[in-house]
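Novice: Next come the chains, spelled out residue by residue.
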Amino acid sequence: ETGVTQSPTHLIKTRGQQVTLRCSSQSGHNTVSWYQQALGQGPQFIFQYYREEENGRGNFPPRFSGLQFPNYSSELNVNALELDDSALYLCASSLAGGKAFFGQGTRLTVV
Amino acid sequence: EDQVTQSPEALRLQEGESSSLNCSYTVSGLRGLFWYRQDPGKGPEFLFTLYSAGEEKEKERLKATLTKKESFLHITAPKPEDSATYLCAVSTTTGANNLFFGTGTRLTVIP
Numbered sequence: 001e002t003g004v005t006q007s008p009t010h011l012i013k014t015r016g017q018q019v020t021l022r023c024s025s026q027s028g029h030n031t032v033s034w035y036q037q038a039l040g041q042g043p044q045f046i047f048q049y050y051r052e053e054e055n056g057r058g059n060f061p062p063r064f065s066g067l068q069f070p071n072y073s074s075e076l077n078v079n080a081l082e083l084d085d086s087a088l089y090l091c092a093s094s095l096a097g098g099k100a101f102f103g104q105g106t107r108l109t110v111v
Numbered sequence: 001e002d003q004v005t006q007s008p009e010a011l012r013l014q015e016g017e018s019s020s021l022n023c024s025y026t027v028s029g030l031r032g033l034f035w036y037r038q039d040p041g042k043g044p045e046f047l048f049t050l051y052s053a054g055e056e057k058e059k060e061r062l063k064a065t066l067t068k069k070e071s072f073l074h075i076t077a078p079k080p081e082d083s084a085t086y087l088c089a090v091s092t093t094t095g096a097n098n099l100f101f102g103t104g105t106r107l108t109v110i111p
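Line order of the protein sequences matches chains B and C. Take 1 as the starting number for the first sequence in my numbering and just add one per residue. Take 1 as the starting number for the second sequence in my numbering and just add one per residue.
It is worth saying that the hints were derived from the structure and are not from the lab. You may find that some hints are simply not true.
Stated by the list, open to error - Some, not all, of what chain B presents toward chain C, calculated at C-beta under 7 Å:
1) Ser33
2) Ala38
3) Gln41
4) Pro43
5) Phe45
6) Gln48
7) Arg51
8) Asn55
9) Phe60
10) Pro61
11) Pro62
12) Ala87
13) Leu90
14) Gln104
As the list claims (entries may be wrong) - Calculated cross-link-like contacts (lysine-lysine; reagent style DSSO-like; alpha-carbon spacing at most 27 Å):
15) C:Lys69 to B:Lys13
16) C:Lys69 to C:Lys57
17) B:Lys99 to C:Lys59
18) C:Lys63 to B:Lys99
19) C:Lys59 to C:Lys79
20) B:Lys99 to C:Lys68
21) B:Lys13 to C:Lys59
22) B:Lys99 to C:Lys57
23) B:Lys13 to C:Lys79
Using N, Cα and C, we set each Cβ at its ideal position, and we do this for glycine too.
Use the sequences and the hints to build the structure in full.
Specialist: This is the structure in structure tokens:
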């Protein structure tokens with residue numbers, strides 16, 4: 001049990017729609033990172049937030065955006081969903097520079 | 001370009017049959033190397049962090065080692081409950097402290 005919780009656990013959306021995924025970080029952790037994991041692949045870094053500011057971004061288009069709140073919880077927003085966005089979305093929390101603890105993920109299916 | 005390669009892609013072992021998983025990496029500057037365990041449909045579970053060549057860490061039947069080019073995860077006398085995908089990841093001195101993952105080794109331990 002990592003203390004990182006994600007909601008919802010599963011989600012089905014239609015191509016072109018928008019989706020918001022949520023993450024509650026482990027108590028005391030000020031850094032949240034989001035990853036996308038396609039079937040059979042390793043997680044790929046989307047972006048990271050540190051104290052409510054974006055602190056780094058992977059190779060994802062601008063329709064992937066995020067927020068971090070004062071309590072360090074976070075949201076991942078994806079606009080104009082595409083079929084290839086179907087994946088397991090993982091949130092990880094950490095103290096800056098420390099090891100990352102992952103939530104159980106949100107399985108997004110785009111049809 | 002930073003690269004993490006894991007081998008083999010899949011490994012089947014008899015219960016009690018020891019073996020090793022390999023993670024080779026090419027990075028601009030290594031901040032740390034991480035091993036995670038991932039069960040199907042779940043988020044990765046933290047196992048070890050290694051920071052410098054020669055470092056070793058152990059936990060139950062698992063032992064992780066690190067050289068300047070690769071890391072090994074040794075599994076001694078595995079049990080069926082060790083069946084999972086094992087992911088290797090690196091964080092670099094030039095990145096945002098995010099993790100760059102390999103594609104994982106899927107381990108199956110047969111009773």
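Novice: Work down the list of hints and note, for each, if the structure agrees.
Specialist: Hints, verified against the model:
1. Ser33: Check passed: Cβ of Ser33 of chain B comes within 6 Å of chain C, closer than 7 Å.
2. Ala38: This interface hint is violated because 10 Å lies over the 7 Å limit.
3. Gln41: Interface hint status for Gln41 of chain B: holds (6 Å vs cutoff 7 Å).
4. Pro43: With a minimum Cβ separation of about 5 Å from chain C (threshold 7 Å), the hint on Pro43 of chain B holds.
5. Phe45: holds (4 Å)
6. Gln48: holds (5 Å)
7. Arg51: With Cβ-Cβ at 13 Å, over 7 Å, it is violated.
8. Asn55: The hint holds - Asn55 of chain B has a Cβ within 7 Å of chain C, the shortest such distance being about 5 Å.
9. Phe60: violated (12 Å)
10. Pro61: At 17 Å from the nearest chain C Cβ, Pro61 of chain B fails the 7 Å test, so the hint is violated.
11. Pro62: violated (17 Å)
12. Ala87: violated (12 Å)
13. Leu90: holds (5 Å)
14. Gln104: holds (5 Å)
15. C:Lys69 to B:Lys13: violated (42 Å)
16. C:Lys69 to C:Lys57: holds (17 Å)
17. B:Lys99 to C:Lys59: holds (16 Å)
18. C:Lys63 to B:Lys99: Since the Cα atoms of Lys63 of chain C and Lys99 of chain B sit roughly 18 Å apart, the hinted pair holds (cutoff 27 Å).
19. C:Lys59 to C:Lys79: holds (14 Å)
20. B:Lys99 to C:Lys68: holds (20 Å)
21. B:Lys13 to C:Lys59: Distance ~41 Å between Lys13 of chain B and Lys59 of chain C Cα, so the pair is violated.
22. B:Lys99 to C:Lys57: holds (15 Å)
23. B:Lys13 to C:Lys79: violated (39 Å)
Hints 2, 7, 9, 10, 11, 12, 15, 21 and 23 from the list above are not met by this structure, while the remaining hints are.
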